[in-house]
Amino acid sequence: MLAKRIIPCLDVAGGRVVKGIHFVDLKDAGDPVELGYRYYREGADELVFLDITATVEERKTVVNWVRRVADSIFIPFTVGGGISTIEQVQELLRAGADKVSINSAAVRHPDLLRESALAFGSQCIVLAVDAKRTNNGWRVFINGGRVETDRDALKWIRLGEELGAGEILLTSMDRDGTQNGYDLELLQTVSGSTRIPLIASGGAGCPQHLLEGLEAGGADAVLAASIFHYDRYSIAHVKEYLARNGVVVRR
Amino acid sequence: MIVVIDYKAGNLYNVGNALKYLQADFIFSGDPAVVSQANKVILPGVGSAGAAMESLAEQGLVEVLQRLQVPFLGICLGLQLLFEVSEEDNTPCLGLLPGTVHKFDTSQVKVPHIGWNQVRQLGESCQSASILFKDIPGQSFFYFIHSYFAPAANEVTAAVTQYGDCFASVVTKENFWGVQFHPERSGEIGLRVLNNFLEVR
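In the order they appear, the protein sequences are chains R and C.
Residue numbers for the first sequence follow this note's numbering, so the first one is 1 and each next one is one higher.
Residue numbers for the second sequence follow this note's numbering, so the first one is 1001 and each next one is one higher.
It is worth saying that the hints were derived from the structure and are not from the lab.
Cβ coordinates follow ideal geometry from the N, Cα and C atoms, glycine included.
Be aware that one or more of the hints could be misleading.
Stated by the list, open to error - Derived coverage of chain R by chain C (criterion: at least 3 residues anywhere in the stretch with Cβ under 8 angstroms from a Cβ of chain C; other residues may be distant): (1) 1-8; (2) 32-40; (3) 63-75; (4) 182-190.
What the hints assert, rightly or not - Within a straight-line C-alpha distance of at most 20 angstroms, the following computed EDC-like cross-link-like pairs (lysine to aspartate or glutamate) qualify: (5) Lys1020(C) <-> Glu1188(C); (6) Lys1008(C) <-> Asp1089(C); (7) Lys1008(C) <-> Glu87(R); (8) Lys1008(C) <-> Glu115(R); (9) Lys1008(C) <-> Glu91(R); (10) Lys1020(C) <-> Asp71(R); (11) Lys1103(C) <-> Glu161(R); (12) Lys132(R) <-> Asp150(R); (13) Lys60(R) <-> Glu91(R); (14) Lys1008(C) <-> Asp1031(C); (15) Lys1134(C) <-> Glu1174(C); (16) Lys1020(C) <-> Glu1199(C); (17) Lys132(R) <-> Glu115(R); (18) Lys1040(C) <-> Glu1174(C); (19) Lys1103(C) <-> Glu1084(C); (20) Lys132(R) <-> Asp174(R); (21) Lys1134(C) <-> Glu1188(C); (22) Lys1103(C) <-> Glu162(R).
Between the sequences and the hints, there should be enough to build the whole structure, so can you do that?
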């Protein structure tokens, strides 16, 4: 049986792991290589690193730490944040990232998804979508949640799938950082209408939320940050809880 | 000397990292003269069958691989290329194993097949595969990421994995092995499979 995946997410800025609440108020949480290695040893199924660095100067360090992460862990990891050209995609894959996640640039230039998938295969192209509730449905936001677009999240995800994305990383902006649980309605809506794997993100505060995302939400994987960073729950504890509740996990 | 085939398509970096970690003596090469002198050959694979076969042909590697007498390990696409034909771009492959590689049916399962899935080894009929799976518990989880698969019903199938129907997750014939999962991305257990391959005489 295919196991549901537990994916710790590390937001990185200027080469340090940080975690913000509602996309602001950054707190320092450590070194990406060290934290990545720790999660690898503790049984994470996969890792996601989102580079939320603001300046071009800092962005040059990304390839450097990506390479160091690739040297030290033997599970897959995704790198995202600020990727806007096919050259950047190639550079990160060459540095050892298994997948890249593309967000704002895909909205601005949907062809980037198509061209990246053609060049490197759909399996390594993750479409990251930041979605916020509106009166009818969910709206796509870009630039780290700062800029509203006129795209409907569900329609955009369907288009992304057609263009060649191999996976969807879906963040609820309403829930991100709140630890009140994933937006299950959003997850259900998207998982019910796409044929590529879905990673739930935004709002996980306890193991029960992960269970809900996988069961009620229909996600194939759950992404969480703070519940792991501050040692509130270990990955082993979370997996044991999920297994006890009938979810297939790798242990 | 182990040669990891560099055919400009695969993600070589992580296979190299795993081999480095296991302290293997290896080089990357796409030179037919170097490959034909290897003690062991690894064919990693990320990318599409069509592009990969084209690269192998351009580099003059097709016949060299077909005539290899030394232990060979194909990873992911590297497994698929061992068969006669891949439905991906309708590509004629190396033809070392009988059969056709198919695409997963999107009406049945999500495609790509991404994540950790169990590998069930088949009985004693596959003695040679057991070398690769020494000290690996049955039904262990390995990391998969692919859209095409080799069917399970084939005399070269040594282990199967269920995704919708079962597919061949490990194949073997004579000196050729193929694994559909990524041992270099499957944690400790994956490293053990690679290490077992390194120990094959």
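Each hint, compared with the structure:
1. 1-8: holds (count 5)
2. 32-40: That given contact is violated, which follows from only 1 residues of the region 32-40 of chain R lying within Cβ reach (below 8 angstroms) of chain C.
3. 63-75: holds (count 4)
4. 182-190: violated (count 0)
5. Lys1020(C) <-> Glu1188(C): Judged against 20 angstroms, a Cα distance of about 14 angstroms means the pair holds.
6. Lys1008(C) <-> Asp1089(C): 18 angstroms, holds
7. Lys1008(C) <-> Glu87(R): Cα-Cα ~15 angstroms, so holds.
8. Lys1008(C) <-> Glu115(R): 18 angstroms, holds
9. Lys1008(C) <-> Glu91(R): Roughly 14 angstroms separates the two Cα atoms, so the pair holds.
10. Lys1020(C) <-> Asp71(R): 9 angstroms, holds
11. Lys1103(C) <-> Glu161(R): 17 angstroms, holds
12. Lys132(R) <-> Asp150(R): 12 angstroms, holds
13. Lys60(R) <-> Glu91(R): 11 angstroms, holds
14. Lys1008(C) <-> Asp1031(C): 12 angstroms, holds
15. Lys1134(C) <-> Glu1174(C): Roughly 18 angstroms separates the two Cα atoms, so the pair holds.
16. Lys1020(C) <-> Glu1199(C): 15 angstroms, holds
17. Lys132(R) <-> Glu115(R): Violated, at roughly 27 angstroms.
18. Lys1040(C) <-> Glu1174(C): 14 angstroms, holds
19. Lys1103(C) <-> Glu1084(C): Satisfied, since the Cα-Cα distance of roughly 15 angstroms is no more than 20 angstroms.
20. Lys132(R) <-> Asp174(R): 6 angstroms, holds
21. Lys1134(C) <-> Glu1188(C): With Cα atoms ~13 angstroms apart, Lys1134(C) and Glu1188(C) stay inside 20 angstroms; holds.
22. Lys1103(C) <-> Glu162(R): Within the cut-off at roughly 17 angstroms; holds.
Checked against the numbered hints given earlier, this structure breaks hints 2, 4 and 17; the rest are met.
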